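**Student:** For reference, the chains in residue letters:
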Amino acid sequence: MIYAIMYGLTVGAVLYLISVGFSLTFGTMRVINFAHTITYTLGAYLLIASIRSLGVPFFWGGAVGVVVAALAGYCIERFVIRRLYGESLDYTFIATYAVFLIGVDIVKWLWGVFPKPVSDPLGKTVDILGFVFPTYRLLVILLAIVVFFGLELFMRKTMVGKIIVAALDNREGVRCLGIGVEKYFSLAFVLGSALAALGGVLYAPITAVHPYMGSHILLLCFAVVLTGGLGNLRGTFLASFALGMLISITGRYWPAGSEIVAFIAMAAVLLARPIEA
Amino acid sequence: MLQVAGIDVAYGHAKVLHDVSLDLEEGKMLFVVGRNGAGKTTLLRTIMGLLRPLKGSIYFDGGDITGLPPEQLYHRGIRYVTQDKKVFGSLTVRENIEIAAYSSGEPLSQALDKVLEIYPKMKDFLNLKAGQLSGGQRQILLIGQAMVGNPRLLLVDEPTQGLAAIVINEIARILKHLKGRLSAVVVEQNLPLVSQLADRVVALKEGKVTQVLDDASEICNTSLLEKAL
Amino acid sequence: MGNVVKERGLVLEKTFVAVGKQLTQAGVGQKVLELILIGVVFLILVPFLGAHRATDFAIFCIIVLSFDLLYGYMGRLSFGHLLYVGVGAYTVGLALRYLTTNPLLAIVLGIVAACLAGMAVGAITVRIAGAAFALANLAFNRVGWFLVMSPLKDITGGENGLSIRNLSFWYVNFRNPTFRFWFVLASLLLVFLLLRVFTSSSYGVLLRSIKEDEKRVRFLGYNTQFYKWVTFVLAATVAGFGGALTALNYGYVNPNTLDVHANAGIVFACLLGGSGRLYGALLGGIIYMLITNLLPVYFQRWEFFLGVALLLIVFRFRGGIWGGLEALYSGLAARAKSGSSKEGMSR
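Residue numbers (our numbering), protein chains in the order written: chain B, 2 to 278; chain L, 393 to 621; chain E, -3 to 343.
There may be inaccurate statements among the hints.
Unchecked claim - If you want the ones that stay clear, here's a sample from chain L, every Cβ over 10 Å from chain B, calculated:
{"#": "1", "residue": "Gly448"}
{"#": "2", "residue": "Ser449"}
{"#": "3", "residue": "Glu490"}
{"#": "4", "residue": "Lys513"}
{"#": "5", "residue": "Phe517"}
{"#": "6", "residue": "Ile563"}
{"#": "7", "residue": "Thr614"}
{"#": "8", "residue": "Leu616"}
As the list claims (entries may be wrong) - One-sided excerpt, in silico: chain E residues whose CB lies under 8 Å from chain L:
{"#": "9", "residue": "Glu208"}
{"#": "10", "residue": "Asp209"}
{"#": "11", "residue": "Arg212"}
To be clear, the hints were calculated from the coordinates, so they are not data collected in a lab. Values in this document were obtained by computation on a predicted structure and should not be read as measured data. Think of the CB as a built atom: it goes at the ideal place given N, C-alpha and C, for glycine as much as any other residue.
Please model the entire structure based on the sequences and the hints provided.
**Tutor:** Next up, the structure:
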């Protein structure tokens, strides 16, 4: 049971990192960025590629993954999403889905279809109260918590953060105060992409890496964001860990259920709190 | 200072405003009256650049501002106080004002003074989340926020809607205080308030201007206003 | 509460009256002509593709038509429409294995099952505004796919799928490709006629108004949630019919029928042909199938191609082929007009 909780926390940590960006774009612009999945996948693949072919250590491989994926995120925002502002959100969804398809195919083309394993970079375990945990997983959980507090600080103390929070409340209100939200939105977007890539990097040693790994995670993020409340960063944090736990504990008693329990939770939330225009 | 010249506005295929014109002089208050769905909010949103007219032009200070985005209009001195009292609920009252101060380049202390000048009680709420304010306080915060920087034209949408009589008096006091200092277009259904403050009343019906009242004696006569609806 | 029920009853009643009128009075000749035309197009396809593939094309067109009702007419983009195709297909497969030997009964069961699935999922998803609707449906599609793949694999055959043994019954013989072709073609024409009549009735006007501005329709006193739900269920039901036919055409069902990522293909086909126009859906369905049948022979990177094509449509050709043809036609008409009256110089 303790191990199930531990696993749930790890999944929750990764879910949180990926959901932040999704929540920010969904919360501010109501844009659903399906290409978010590819940023995440790219993070994981770039990590593996740089470890394998450049022989760099895990840390630098991860850094490469995050930086390149953030750059890719910037390009997606600049050349696809920004060009569709003010139009039907369905077009943005279709366009980002198209980017996802292109990205998946590029990943397949560069690195092949077959899942690639990467090993735990630390390989050590710690002993807490007689339970043995891999240090790496503890580190992942810790990192998610650090990111959470960092973001809280950023959103509350900096002007940029305050404007993003204001735009989450009322985007039009921010525009009517003479502030072009696009600039802040694209900043939030790049930040979200970098965090998603970080999630991909950190999750790579724990899960199977394959070109479609992002699309399932994106649906889980969607469930997280709906459960936590649109654009509510604290809600996203809590919902990530709650769903991570739910998945892990369900998996312990009913393995097949772990794949669908998050969506059952999502359906329940939608029934209670539909997203109306 | 503000001229709306024959604008048509539509959402999709549904036309909401038909050939609407109005004219506002410096320092005057123009009130727009009309039933729900007459297109009053649409008119304000179009002036603020949130909607683009299909036809016609809007002039401000002698320049054509048709189709300019709200971000630019703010810096020309147009302020929009929306319906529904939408403050930034997750931010504190102080931060709500701070954002406006940041945008207009005014020091925060000066911006705070402007808000406290129209409503000194706000001092007690500065560190409260704006979402926790009452409806009337939120409305006042929005008007105060609009005072930051150099406002020249105020667009206000239904400032007294859903508020208690005592709060309406407070808002009427604030609007009276602002009268003469800047120009304003106010959408309002509370006719006694309209007759107190208006220099000109424009009645909208089904997207068309049906009547313009200029004469003070006409405006004071609420039953005449009632008829204009 | 009573009022709402009455109001629902009223519009439905009006719709039925209008549908009745449409079928009995005006434009019957035109509709018959349209149906014959579509039939002829598919007959022309047969010698080039063979009956089996032409059947496949027609089934895909049924699915795209059902999607177009939801997206093109009502403006609600779903990336989970294949769930109902899958439900229809698996119900047919399972019914013929465990319940009955009559394929026609199995088709009816498949349609009913898809309708029920649409009712359940629609009740949750139609209340979602914006692009989140697309993703929520995709999530349910994925749940369905997972159920078939893993927890229910003892009866669905999991990854290996399910083969159907009882394909012939009485005069109905789905082993015969010619029979299959005629049966599916008749089904396509039936679906087309049904949607043609529905979309040109007052119900269709309501759908397009919801697409344009749902809020205004709500202000007019309509319960838009209810109509969105009805349309969702109708689209799911027709898609289930398409799924049932898919199962019988192949004599085999596998999880690919409800593959989450294949939804992009339907969306693409609909946009390519021109959304919000039934002819666009037909055209898109046929051209999409031609591309998928021919392109992989020359070109390996299918997803890359699909992605680029989708981007092109979103940024450049929103009206699709049918929209382009319409624009071309009205352009030519305007030119012809201006040529005769010498007006229109200003444009």
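**Student:** Take the hints in turn and mark each one as holding or not.
**Tutor:** Each hint, compared with the structure:
Under the 10 Å C-beta cut-off, the non-interface status given to Gly448(L) relative to chain B holds; the minimum distance is some 21 Å. Chain B leaves Ser449(L) outside its interface by the beta-carbon criterion, the shortest separation being 21 Å against a cut-off of 10 Å. Under the 10 Å C-beta cut-off, the non-interface status given to Glu490(L) relative to chain B is violated; the minimum distance is some 7 Å. Consistency note on Lys513(L): stated as away from chain B, and its beta-carbon is indeed over 10 Å from all of that chain's, at 23 Å minimum.
For Phe517(L), the non-interface assignment is confirmed: its Cβ lies about 17 Å from the closest Cβ of chain B, beyond the 10 Å cut-off. Distance check on Ile563(L): its Cβ is at least 19 Å (rounded) from any Cβ of chain B, clearing the 10 Å threshold; non-interface status holds. No beta-carbon of chain B comes within 10 Å of the beta-carbon of Thr614(L); the shortest separation is about 32 Å. Distance to chain B confirms Leu616(L) as a non-interface residue, since its nearest Cβ pair spans about 34 Å, more than 10 Å.
The beta carbon of Glu208(E) is positioned within 8 Å of a beta carbon in chain L (closest approach about 4 Å), and the interface hint is therefore held. Below 8 Å, beta-carbon pairs count as interface contacts, and Asp209(E) has one with chain L at about 5 Å; its hint therefore holds. The beta carbon of Arg212(E) is positioned within 8 Å of a beta carbon in chain L (closest approach about 6 Å), and the interface hint is therefore held.
Violated hint: 3 only; the structure is consistent with all others.
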